[in-house]
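Per my numbering, the very first residue in the sequence shown carries number 1; after that it's consecutive.
These are calculated hints, taken from the structure and not from any lab test.
Each hint can be trusted.
Below, simulated DMTMM-like cross-link-like pairs (lysine to aspartate or glutamate); rule was C-alpha separation at most 25 Å, straight line:
hint	residue 1	residue 2
1	Lys33	Glu162
2	Lys33	Glu164
3	Lys148	Glu138
Every value quoted in this text rests on a predicted model; they were computed, and no experiment measured them.
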Amino acid sequence: MTSTTQPDKESGTDIAFRLPRSEDGARMLELVKASPPLEPNTCYAYLLLCHHFRETCVVAEQEGELRGFVVGYRPPKEPDTVFVWQIAVSSKARGQGLGKRLLEQLLAAQPEGSVRYLTSTVTPDNEPSARLFRSYAEKLGVPCEESKLFGAEAFGKDQHHEEEHLFRIGPLPGSGRTPHTPL
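All chains, please: the whole structure from these sequences, using the hints.
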């Protein structure tokens with residue numbers, strides 16, 4: 001993926017989308033900390049995602065500021081799937097469709113026809129993320145299946161973590177199969 005720019009309708013300035021660099025890791029952590037109910041990971045986790053999984057991550061910048069990012073990976077047992085680990089949008093850019101544009105850029109960065117599904121997990125208290133994934137599936141005209149992946153008990157009794165619901169979007173357009181094609 002080369003850097004692409006798109007005009008921002010609200011501000012009139014361009015938003016640049018690109019693959020992350022290691023130095024983006026600390027900025028990602030700060031954006032997540034400022035974006036509850038998102039759960040911050042360690043700075044080291046963001047650095048590793050930017051380094052090891054660079055091809056499945058995208059950052060959005062506007063006038064030198066990080067406006068949003070999506071980080072993910074391709075699960076080894078599901079090579080036709082991109083799993084979104086986390087997506088964050090700055091409060092300055094919310095309500096402008098940046099989340100969907102980040103998902104579009106993420107999929108556009110993958111080899112053509114190689115991704116059939118986009119997946120992520122969302123806690124029940126994170127309704128904005130749930131709405132994002134549902135509306136993105138609707139925009140693509142494909143199903144968004146939701147199921148419980150991990151119950152709260154999976155995190156241990158001292159973690160105070162909600163259950164995680166799996167959102168599975170697809171099959172995606174252009175993935176070589178439509179919902180009506182037998183597997």
